[in-house]
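Undergrad: Here is what each chain is made of, one letter per residue.
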Amino acid sequence: MANVAAPSTSNSFSWQVPAWLAPLAVVVAAFGVVPFVASPYVIEAILLPFLALSLAAVGLNILTGYAGQLSLGSAAFMAVGAFAAYNFNLRVDGLPLIVTIILAGATAAAIGIVFGLPSLRLKGFYLAVSTLAAQFFVQWALTKFGWFSNNSPSGVIDAPPLAIAGVTFDGAVGRYLFALSVVTVLTAFAYRLVRSQAGRNFIAVRDNELAARVLGVPVLRTKLLAFAISSFIIGIAGVLWAFAYLRTVEPHGFNLDRSFQILFIIIIGGLATIRGAFFGAALIVVFPLILSRLGSAVFGTVFDSGVLDMSQRIVIGALIIIFLIAEPDGLAALWDRLIKRAHGRTEP
Amino acid sequence: MTRHLTDVGSIDSSSTQAAGPDVASLLQGYDPGKPATEPILHLSGISLAFGGVTALTGVDLRVEKGEIRAVIGPNGAGKSSLINVISGVYSPDKGTIGFAGQTYAAMRANRVAHLGLARTYQNLALFKGLSVIENIQTGFAPRVRSNFVEQTFAIGRARAEERSSRQAAEDAIALLELTAVRDRPVSTLAYGLQKRVELARALVSRPVLLLLDEPMAGMPAGEKQELAAYIRTARDSLGTTVILIEHDIGVVMGLSDRIAVLDYGHKIADGTPQEIQANQAVIDAYLGIAHPEDDAVAGEARA
Amino acid sequence: MTGFDFTFFLEVLVGGLLSGVMYSLVAIGFVLIYKTSGVLNFAQGAMLLFAALTFVSLVERGVPFALALAITFLVMVLLGITIERTVLRPLVNKPPITLFMATLGLSYIIEGAAQLIWGTQVHGLDLGIDDTPLEISGILISKFDLFAAAVAATMVAVLTVLFRWTRVGLAFRAVADDQFAALAVGLRLPRIWATVWTAAGLIALVAGLLWGARLGVQFSLSLVVLKALPVLVLGGFDSILGAIVGGLLIGASEKLAEVYLGDVFGGGIESWFAYAIALAFLLIRPAGLFGQKLVERA
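Chains as they are written, first to last, in our numbering: chain A, 1 to 348; chain B, 1001 to 1303; chain C, 2001 to 2298.
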């Protein structure tokens, strides 16, 4: 598994720019340049879903990529986050948006711990299957009990206006900046976390649970922590999905396909890399748009939405298999290789 | 750096009436007349079976503080089972384990590190996704008290812990001469180096007792000697007591203070290397492998 | 509870057990592949959909029943071989979780392809068995359920015989025990895998027809896989007996819960109830139904 090693403090690559420079440049561009050049369409159709899915993938990567606990229920925790935020906002007067978001994440974390309990006894496929219980139970509960959606028909909720300290973020650009800020903060947190003792414990439990236990790593606590933090982040990704991107969601929007989508993002992007989540999400978001343009250009009207839907499924399935076979470390590893090669060429 | 056995008092010693630990440890001394020679580890009557297959039968073993104690025997003699019993991976069916003044019916894998026990594995059990130094730092886990928030933001207790775990890891790296590879992912290292990293990871918490499960298996002769030297260095500089499981009788002769020999789950000999070399039962046990048809008979005869 | 209707209870129980047999049938497809290649084949549901959709589309185009069955079977054989060639072979010796994710991808491809080829509309499938209730000693039982259970039981018997007493079965078991040893003694893994996937394809065909006749042949058929998974958690991924008993247990308790607890939960609990049973059971008895030697499910 690539890129889980510590940031290279050795000077074996003396030409390398400082490790923090590239991410910083990306963040500066995302805040300072993108809002001025991106059209509302690009923001609404690409950047907002990209940000929400990237964050969900960062969350899942902590659980599955770093701590090695395969989860098929990510969408459930997105749903918990979204509906919790909706209810906190609705039922607690004057609760600041930031507090709402944190509480939503905490609710998702609590639910995550509950559904992570089987991980103390179950491993591998048995655990993966048991995470499906979260998926189905949460979706059922949110649809079944009208209270969660304030008794709206079929559980649809509408996002409240986004405002922090009197500043509203309601336009496309505003919501983009809002989502970007949340994603930046949580990604930085995740980045620090996986490089700390807790992060080393995650990897130790993933790579050899028995050895970790004998070494004194608190295995059970580590697993539950991974579930909690992962669900916290995924829950907040759900808030972004509901509040910043779609503005109106129903439980069905957080179905099993969404869970698989997030899993696919981390496979394609690269397990146990933070960057991978962003690479993978970019591909998963942009790719259907390209496919639909391409399809209608080549096949004309035969390429209707049904055909598009099916061909998307096929191509995404194929992509997964191709990545697993040809590039098991994902786009992140591919990117590293390209950079290295580019450097090789520019050096004398 | 002095070792302190944190948490000893809170360990659930499942076998005894759990009076005050200090009193209990005195009462359970195996030789109350001579507390000074109380062994660091005392196995008595350990038996273990998997289904119908017997792995260990009534094995006794005394390990004195500071010695390098080898346990040898042919394949399938029960050596690995023994180490797994000591490190809590298996629970014995019968017998008791006396360790650091306490008596246990079984060790628990998730507590042994806190008792000051560390081990390596016959087949490497490194964390492939971590670098050399990170692997070694993981061995510091029993000392960690900080929570993930402190660790993530490098605040509070985590600051000092990270500093000392890093320092301890650097010490182990220096001791085992791993400096050149300290930031490499372990999976990229040669087999012999990985074995050394595993040893360093076990040593980083300054264990009272170090269990080495066939550390030299699959190594060329030169590397075996090299690793033997590192094991001796570890004992000499850290005062760690070492139990060494080996298949190869030759390699442990020069390294060990005392040797126990297992065959078919029974201890058939115990003594200094010289005594073992001259022991007829040991010679038979090793020769017996060449005549599998005699095994059943021979095994019974020896038992 | 006033006036407990025992006959009604029995009816529900029998109905549950019979639908449990259908779960078992799907679960056995998983077990077969898991035992021989250590893969949890998520694509089993997609294969089921693909088989049923192919069959029903052929029949709708005027192909006789038997011929359609034969053609569909042939298609499933080809699919099995293709999967072995293009997915399994390049991923040999990869961790099981990687293979699982590959079968996730596979399920997307197969589902997409099935509907791209045959369309997304719902097809009715009539196997010629009317679903009239049959009265056996005072209990009403669906004739179709009985038929489906009989077919499933036959499949299980045939597979058991194959697995136990034939050369192929022996090879299967050797591979299941130890892939490397099997390779060393000259068993040809690719052929065995292709065979196993073909057998799984056959099970998918039978299960697809039965479930298709019950639910209509449509995309949601592929979700039958989600019914089989808790059965597997309960019975163990590697035990055919576990799949059968687990299926019966889950089928029965699901139906009973639906009838007797449905009101308490406000209905619609079938999406997660089977999972809750499986998990609760494992919490009480971590070794699973048949006390497999592993204490922790690895």
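I should point out that these hints are in silico values taken from the structure, not numbers from a laboratory.
Please read these numbers as outputs of a predicted model, since none were measured by experiment.
Even glycine gets a Cβ: it sits at the ideal position worked out from N, Cα and C.
One should not assume that every hint holds.
Unchecked claim - So the derived list for chain A, only partly shown, Cβ under 10 Å to chain B, looks like this:
# : residue
1 : G171
2 : A198
3 : A211
4 : P218
What the hints assert, rightly or not - Some but not every residue of chain C turned toward chain A, in silico, with C-beta under 10 Å:
#  : residue
5  : L2040
6  : N2093
7  : I2097
8  : L2099
9  : Y2108
10 : I2110
11 : G2119
12 : V2122
13 : S2253
14 : L2256
15 : V2259
16 : Y2260
17 : L2261
18 : G2267
19 : L2283
Undergrad: Hold the hint about C/G2267 up to the distance rule: shortest CB distance to chain A must be less than 10 Å.
TA: With a closest approach of 8 Å, the C/G2267 hint holds.
Undergrad: Given C/L2283 as an interface hint, is the shortest Cβ-Cβ distance to chain A below 10 Å?
TA: 7 Å, holds
Undergrad: So, as I understand it, the hint says A/P218 touches chain B; can you test that by seeing if any CB pair is closer than 10 Å?
TA: A/P218 check passes; min Cβ-Cβ to chain B is 7 Å, inside 10 Å.
Undergrad: Mind checking the CB of C/Y2260 against every CB in chain A and telling me if the closest is under 10 Å?
TA: Hint on C/Y2260: violated, closest Cβ of chain A at ~18 Å, above 10 Å.
Undergrad: Mind checking the CB of C/V2259 against every CB in chain A and telling me if the closest is under 10 Å?
TA: 18 Å, violated
Undergrad: So, A/A211 near chain B? Judge it on the closest CB pair being under 10 Å.
TA: Holds - the Cβ of A/A211 comes within 10 Å of chain B, reaching about 4 Å at its closest.
Undergrad: When the nearest CB of chain A is found for C/I2097, is that gap smaller than 10 Å?
TA: 6 Å, holds
Undergrad: For the hint on C/L2261, just tell me whether its beta-carbon gets within less than 10 Å of chain A.
TA: 14 Å, violated
Undergrad: Close enough to count: is the Cβ of C/Y2108 nearer than 10 Å to one in chain A?
TA: 3 Å, holds
Undergrad: Let me know if the C-beta of C/L2099 comes in closer than 10 Å to any C-beta of chain A, holds or violated.
TA: 8 Å, holds
Undergrad: Against chain B, run the beta carbon of A/G171 and see if the smallest gap drops under 10 Å.
TA: 34 Å, violated
Undergrad: Does C/S2253 hold up as a contact with chain A if the rule is Cβ-Cβ below 10 Å?
TA: 15 Å, violated
When held up to the earlier numbered hints, the structure conflicts with 1, 6, 12, 13, 14, 15, 16 and 17 and fits the remainder.
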